[in-house]
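Novice: Just so you know, the sequences run in chain order R and H.
Just so you know, we're using the working numbering here: the first sequence kicks off at 1 and counts up by one.
Just so you know, we're using the working numbering here: the second sequence kicks off at 1 and counts up by one.
Calculated directly from the structure, the hints in this document are not laboratory data.
Incorrect hints may appear among the rest.
The list treats identical chains as interchangeable, and a pair is accepted whether it falls inside one copy or across any two copies.
[Said to hold, decoys possible] DSS-like, lysine-lysine: derived pairs with alpha carbons at most 27 Å apart:
no. : residue 1 : residue 2
1   : K19       : K258
2   : K159      : K19
3   : K135      : K258
4   : K159      : K135
5   : K40       : K258
6   : K97       : K233
7   : K233      : K267
8   : K281      : K159
9   : K258      : K323
10  : K128      : K267
11  : K135      : K250
Here the structure is a predicted model, which is why all the values come from computation and not from measurement.
There are 2 protein chains.
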Amino acid sequence: MLTLQECQEIIHNRLKEIKIPESPSNLYDPIRYMLEPEGKRIRPVLVLMGCNVFSEDISQAIYPAMAVEVFHNFTLLHDDIMDQSVMRRNRPTVHVKWNPNIGILSGDAMLIKAYELLVAEPAASLVKILGLFNKTAMEVCEGQQFDMDFECNTNINLKEYLNMVELKTAVLLAASVKMGAIIGGADEANAQLLYEFGRNIGIAFQLQDDLLDVYADTLLFGKIRGNDIVSNKKTVLLIQALQMAQGRMKRELLNWLKTGTFDREEKIKGVTDIYSQLNLKEITASQVKVYHERALAMLNQLRCEPERKVELSAFSELLMNRKK
Amino acid sequence: MLTLQECQEIIHNRLKEIKIPESPSNLYDPIRYMLEPEGKRIRPVLVLMGCNVFSEDISQAIYPAMAVEVFHNFTLLHDDIMDQSVMRRNRPTVHVKWNPNIGILSGDAMLIKAYELLVAEPAASLVKILGLFNKTAMEVCEGQQFDMDFECNTNINLKEYLNMVELKTAVLLAASVKMGAIIGGADEANAQLLYEFGRNIGIAFQLQDDLLDVYADTLLFGKIRGNDIVSNKKTVLLIQALQMAQGRMKRELLNWLKTGTFDREEKIKGVTDIYSQLNLKEITASQVKVYHERALAMLNQLRCEPERKVELSAFSELLMNRKK
Chain R
1 MLTLQECQEI IHNRLKEIKI PESPSNLYDP IRYMLEPEGK RIRPVLVLMG CNVFSEDISQ
61 AIYPAMAVEV FHNFTLLHDD IMDQSVMRRN RPTVHVKWNP NIGILSGDAM LIKAYELLVA
121 EPAASLVKIL GLFNKTAMEV CEGQQFDMDF ECNTNINLKE YLNMVELKTA VLLAASVKMG
181 AIIGGADEAN AQLLYEFGRN IGIAFQLQDD LLDVYADTLL FGKIRGNDIV SNKKTVLLIQ
241 ALQMAQGRMK RELLNWLKTG TFDREEKIKG VTDIYSQLNL KEITASQVKV YHERALAMLN
301 QLRCEPERKV ELSAFSELLM NRKK
Chain H
1 MLTLQECQEI IHNRLKEIKI PESPSNLYDP IRYMLEPEGK RIRPVLVLMG CNVFSEDISQ
61 AIYPAMAVEV FHNFTLLHDD IMDQSVMRRN RPTVHVKWNP NIGILSGDAM LIKAYELLVA
121 EPAASLVKIL GLFNKTAMEV CEGQQFDMDF ECNTNINLKE YLNMVELKTA VLLAASVKMG
181 AIIGGADEAN AQLLYEFGRN IGIAFQLQDD LLDVYADTLL FGKIRGNDIV SNKKTVLLIQ
241 ALQMAQGRMK RELLNWLKTG TFDREEKIKG VTDIYSQLNL KEITASQVKV YHERALAMLN
301 QLRCEPERKV ELSAFSELLM NRKK
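Please build the complete structure, drawing on both the sequences and the hints.
Specialist: In structure tokens:
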């Protein structure tokens, strides 16, 4: 079985080999720029591992794995424009380094590139894979739209928030591992169990992300803490705080959301204090644990040799215990 | 054989039947809005006619035809954001009626929708169709990037301009009719002849479009004349004028391009006068004719019963003699 490191290496190397033309440079340079940093490659790793559960030969899963990674980076590129984010992975975002028009168009080209990769080596299951990919891609757009709609809404309940997270983040992890499973020859029941595994891991992952923005060890985290608080981003902490806080605490929280001029550190401390008084660190950590356990239960139900589940299980532990 | 009207009706009706969800409304309403107006539907008509040359049964071509129309409208939506166009088909553009973020995301969703339609009824030729569609979609992005790059360049030659037009406009018409041909069972040689037919029609179409902005009968044209002149858009007239004008005339033209404050009608008259002195109406009309004749020559070479070419030939005449 392939280890995490082996999966990541395959993805890194094959992504480097993608032929991206030189001209027009304003279209293609941003694509190269987006694909350069060697991140965790969570989604393509899930494709390869999903395949590897059922087949020793993962070669047919490599192009789809790259497609998923390119698609993910397309969403980051366009989301950064919409959110007016200026930094991503410690570098200026595309629309800042170039301009918003170039960001829009090179993002479009990346989405098309994802489809190119998906059909580069058409497998027997191509139609199934394409159907799953299309459905998932559309759901990711829905999730991003809900996320944007939430910006001007202080009355979002947990269910609505989890639905948004499922669409924006979790379904792509779910589809990645299911896609791999289908290519590896899994039957529908096993493929669907892995979809549910990925979906639950995805939700846990995002809740964990919300948590890390507030409570991460800054040195390990690698990005500045409190960005979500400063930008009033609706996170699982904020929406639960808005539902739970009462009286003076509620007024104080709404004030922090309303006020246009504030001291950054003061706002972070003020909001974090409210979260802590509401026990939201512990509550969210428990929610992360619930979704992680649901994911592991799916893996448990998978009908295959137990040793074939080891890498996916270990990968999920790693994601849940990450400090960044 | 299906007439133009019959083809258009099929497209109109089937587009109305596309299921577009209600929620999130900010994602899906703009898609409905873009697909509402019943335009000429040039590209899907070409898919159906391309198929109909080789097969009486065009049912397998309908979804790909819709895919091409949805793709085309995706490019219009994103181009309007990039060009900051405020009106399209006599209505506010999406990014004006809603906002730019909604324009970006609903455009992304339309591109995904195009792929959904393309694989909705997978034909035997699916992999071939997908390959052609992907290649073409990427070229359309390249064309749009070159067009944007041209904005700040007053030294573009005719060859560079025609290359941009080929990518931005012509290849999609070419791919449309070729896609239809493949689905209809054409062999590679015939399919390629129809590709070249569509490519030449596409170039002629764009040059004609440039011409109509300056010389159309305003009443028939249905949009305000001179928009390209006012916005300094690089058209075949402007780039040839910049290459041909000398001395005082060249200085005058460059002045019109430079000046930020001007009377709209005065600028249109000033630039049109230069075009007329350089005979650019006649020159461009001849260029349109050359490309149209090349297209018809391709149709002529097509190995099939002459009567099966009638509708495509008539459609090309109609496009070339349009007043709007």
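Novice: Which of the listed hints are broken here?
Specialist: Structure breaks hints 1, 3, 5, 9, 10, 11.
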